[in-house]
Amino acid sequence: MDYYFDLLEKKKRESLCQIPFEPMAVFSDETENFRKPAEPSAEDFVEIFLRTAQNNVLCVYLCMDNRKRLMEKVKSQKKFDYYRVLLPPTKDEKQYYFELHYNDEIYYYSHYGVAQELPTQGFFRVVRDFYTPQWAKGAVLYQIYVDRFCNGDPSNDVKSGEYRYLGELVTGEKEWLTQPGNEDFRHFYGGDLAGVMQKLDYLAGLGIEAIYLNPIFISPSSHKYDIQDYDHIDPHFGKIVVDQDKILQGDESNARAVSYITRTTDERNLMASDALFAELIAKAHKKGIRVIIDGVFNHCGAFHKWLDREKIYLNQKKGAFYCNKSPYHDYFYWNPDGSYEGWWGYENHPKLNMESCRALYWEIMRIGQKWVSAPYHADGWRLDVAADLGKSEAFNHKFWHDFRKAVKDANPEAIILAEHYGDANRWLEGDQWDSVMNYDAFMEPVSWFFTGISKHSTESREDLYNNTEVFWTTMYAQSCSIPMQAAQVAMNELSNHDHSRFLTRTNHRTGRLHTDGALSADLGVSRAVFRQAVLVQMTWTGAPTIYYGDEVGMTGWTDPDNRRPFPWGREDDLLIEYHRVLIHLRKKYKALRFGSIKSLSDESGVLAYGRFQEREKLVIVCNNTKETKTITLPVWTIGIGLFSKMQVLLRTEQMDFFTQSDDLWVANGVLSLEMPPQSGILMKEV
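In this text, residue positions in the sequence shown follow the working numbering: the first is 2, and each later residue adds one.
It is worth saying that the hints were derived from the structure and are not from the lab. Small disclaimer: the values here were computed from a predicted structure and weren't measured. Accuracy of the hints is not assured; some may be wrong.
To be verified - Here are the computed lysine to any residue pairs in the SDA-like style, where the Cα-Cα straight-line distance is at most 20 Å:
| hint | residue 1 | residue 2 |
| --- | --- | --- |
| 1 | K392 | W335 |
| 2 | K318 | V386 |
| 3 | K80 | P24 |
| 4 | K399 | V386 |
Unchecked claim - Label-pair restraints from in silico Cβ distances:
| hint | residue 1 | residue 2 | range |
| --- | --- | --- | --- |
| 5 | E348 | P677 | 48 to 58 Å |
| 6 | N336 | H515 | 30 to 40 Å |
| 7 | K399 | P21 | 28 to 38 Å |
Where is the CB? At the ideal position from N, CA and C, for every residue including glycine.
Assemble the whole structure, with the sequences as input and the hints as a guide.
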């Protein structure tokens, strides 16, 4: 071995590089372009590749486990050399970085790029035996808050005064376009699964590949995050074939209560509603659309049959609220005074005690399997407040490990996506979640850059607005926490049911519905900025997820204003067409789903990056400033030829977007272009 290294050092001295070191040429990542196989098993040998400028380094090492592995130059192409090393099989996760020798200097390469200091973070990772569904990688998702999407069957609507929820009577809105108000959780608009079914052609025409439904199980609230029965679809979303309203006599309040009990517990209503859900999924699948459902397992609702605080299920097994000997007593946490524990103290959200109750533990496993199996065949779960489940982190990991096994045994292609804020690395090791709602590595940095406003529209940060350096530093840092298998299926959202509408954030204002009013969420918004953000969303690594109505220009402060009814008949057709075109381009070019990503500019107010594979190179540029800019991009660094032609696929400007096929020319590997204010462009090498 000493003899070998003596020869290497002699070779280094005899072949000192005569050209300056080119850090911009150095590149590697965790995509299939630089790692094969992309999702290795414990038994696989894994090839890792690094790219440098041609004849620019003396040698390259992959550094892992306090050991350096010499990489072999295997290919020279265009201006680049490609180095390769083979890693042996192992069941363990491995982290690595690269060491490059240039004459007497040593450089290091990690997620943060090239540096001369030994990296202490930003390592690349190989996570073994971690497989995420192929259909979900880069897929375009559409989130539906069911009650506000489309009323396809008025006969199942919640009726005003049908029951009391949190002490007050519920309201069935008579006018679809009524503005949500405070305590919106007891206001119902009539959206349902029949409405979703009626709009499948609209979604398919848009190019949607999967829909994510907010909770659809029986629940007394319009948001349905306080579930009453996990085993059945809410008949107010499904079908009501038996209704007691017309035959009850006597006390009006009792009639209301019996009416709700009949609608939500009668077996005929439940069976019809479950069958409608199966029909929806079957029809969606025929159109190439998958269906993901919401799993709320950290807590249930006080109406739930296991607790039955509202005495809905008195004729069935006794609930734990009124009976200490109830078979469900151990399903909950009980305080010394006899009260149950609510999640974050919310009385209507009793926390479930899976940690101490094995019967409940396996009941949730059964439910997890049920809905991804025949006859329903749902395509996966989105998990509400997933990291909160249980009281200890060790239990939380064990539960999700078993949940993953149960779900994947029933449907290997089902996806498991978790709501999570912060570092999810411990859950993304191949044995628990597939991925997350991508707040940290998408929604937040994109929102701060384009608007300077937080995702709740409650904080303004001028220092983050148009801050290109912070944007990329954040993205590099977050990429270390999400393995590529998870990154490619992460939900990249601009808006959702918990945060303000992105279009509202473009007004650069903070606000809430109860303090500022609904109209203020519509004032001063910028469709030009919104189009730029959508351009990034549709060209970024991950699964772009449209919150219902974003594509037609819906606005709104955070909950409940973000849950306005879809304005059918009043849509912004230009925005719809813009989304349709971008989705088509995303599906047409594989590099936008599976390609590597590399920054091309650090200029303030400008986001410019390439998405590239060996045979496809695309460039995306956004000028988020209010002035015209001439931008110069070193496109050679993503493999574009020195004197290539670039075809413009899409341009956005302040008032419109265009798809005419303009041509631009690369001169000596550099592309110069003039960008109007608040504009974007997508182009490819031809």
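For each hint, the structure was consulted:
1. K392 <-> W335: 14 Å, holds
2. K318 <-> V386: 29 Å, violated
3. K80 <-> P24: OK: K80 and P24 at ~13 Å, within 20 Å.
4. K399 <-> V386: Within the cut-off at roughly 16 Å; holds.
5. E348 <-> P677: 48 to 58 Å: About 54 Å separates the Cβ atoms of E348 and P677, which means 48 to 58 Å holds.
6. N336 <-> H515: 30 to 40 Å: 31 Å, holds
7. K399 <-> P21: 28 to 38 Å: The hinted range 28 to 38 Å is violated for K399 and P21, with Cβ atoms some 54 Å apart.
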